[in-house]
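When you get a sec, could you build the whole thing from the sequences and use the hints?
Chains as they are written, first to last, in the numbering used here: chain A, 1 to 217; chain B, 1001 to 1078.
Just so you know, the hints here were simulated from the structure itself, not pulled from any lab data.
We put the CB at the ideal spot given by N, CA and C, even for glycine.
Possibly wrong hints are sitting among the right ones.
[To be verified] Here are a few chain A residues that face chain B, going by a calculated C-beta distance under 10 Å: (1) LYS27; (2) VAL34; (3) GLN60; (4) VAL63; (5) LEU138; (6) GLN164; (7) LYS182; (8) ARG187; (9) ARG189.
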Amino acid sequence: MRVMEATKSHLEIKEAELIQRACNGDKEAFYSLVHPCEGAIYSVAVSILNNPEDAEEAVQEAVLKALSHLTDFRGEAKFSTWLIRITINEARLKLRRDRRHLYESVDEQRASEHGEYFPKDFADWREVPSEALQRKELGEALKRAIASLPLKYREVLILRDVQQLRIEEVARILGITEGSVKTRLLRARLQMRDALAPGIDGSWNSGKQEYRKVRPW
Amino acid sequence: MKVIEISCLEVWREISNYIDNDVDAELRARMEAHFKVCAHCTAVLDGTRNVVKLVGDGIEYLVPEGFSRRLYNKIKSA
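In structure tokens:
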């Protein structure tokens, strides 16, 4: 045991120690594990539930579940990966219980693994919207665009592009293959582009004719 | 090396992996050759790259006021 621990990083040892102490009933130790993850678990919860109060409730429920199932955590993944996974499941449960899914966009039903997604326009917007928008407005516009994505794509975008987790970690959290992560990420990014592209208000309609010809629908 | 052409459809399928540097050398070469001659796919690439950058830099889901304290209290009283 000692030889194995000598090869682990300092952080891993610290985490293992904290988990051991938490398993023995040390709640301060447990909170030390949870605290660095607060931003990440809140962001995934609010991206699923679109509501700060519901997100906070879901986070609290998830953290309490983690506390009561701590002995199930075998240390194969990082504690944060495990906690994010529990939080996503809790948020999804809450969504279903509140029947909010009935109000999800129609795209939700069309978002299958087998369908293709084509980019909607080819307007050149190398000029980044942030040059036109204030930072706060940009943040709000981005959040609205993310909220408009089907749930499966939203989760992947939050984990990969907002939380900057690796593909393999995203796959582990969501319980899907890396291939599925990449497919959902592709669609999420293309749909975000469509949601944010300047063509949305029709300003590119007066542009070149050939753009219309190549639209795939 | 002879570069085999690819279609716009194939480019769109791989564009996310391309942005993440997750395509093999051969596919990368084919895509780059395609971008050189296809303004539409270049526009999609630029736009998607912008999205990844904006989402990475521009979004912050700030926890509400008192969030940490309430969470801590929940843990303590569990």
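Taking the hints in turn, this is what the structure says about them:
Because the beta carbon of LYS27 of chain A sits about 5 Å from the nearest beta carbon in chain B, less than 10 Å, this interface hint is met. A distance limit of 10 Å between C-beta atoms decides the matter here; for VAL34 of chain A the minimum to chain B is near 7 Å, and the interface restraint holds. Contact between GLN60 of chain A and chain B, as hinted, is supported at the beta carbon level, the nearest pair being about 5 Å apart and thus within 10 Å. A least Cβ separation of about 6 Å between VAL63 of chain A and chain B falls short of the 10 Å threshold, and the interface hint therefore holds.
Taking 10 Å as the C-beta contact cut-off toward chain B, the hint placing LEU138 of chain A at the interface holds, the least distance being around 5 Å. About 7 Å separates the beta-carbon of GLN164 of chain A from the nearest beta-carbon of chain B, less than 10 Å, and the hint is met. For LYS182 of chain A, the suggested interface contact is upheld, since its CB lies about 6 Å from the closest CB of chain B, less than 10 Å. For the restraint placing ARG187 of chain A at the interface with chain B, the shortest Cβ-Cβ distance is roughly 9 Å, inside the 10 Å limit, so the hint holds.
At its closest, the beta carbon of ARG189 of chain A sits 5 Å from a beta carbon of chain B; the interface hint therefore holds under the 10 Å criterion.
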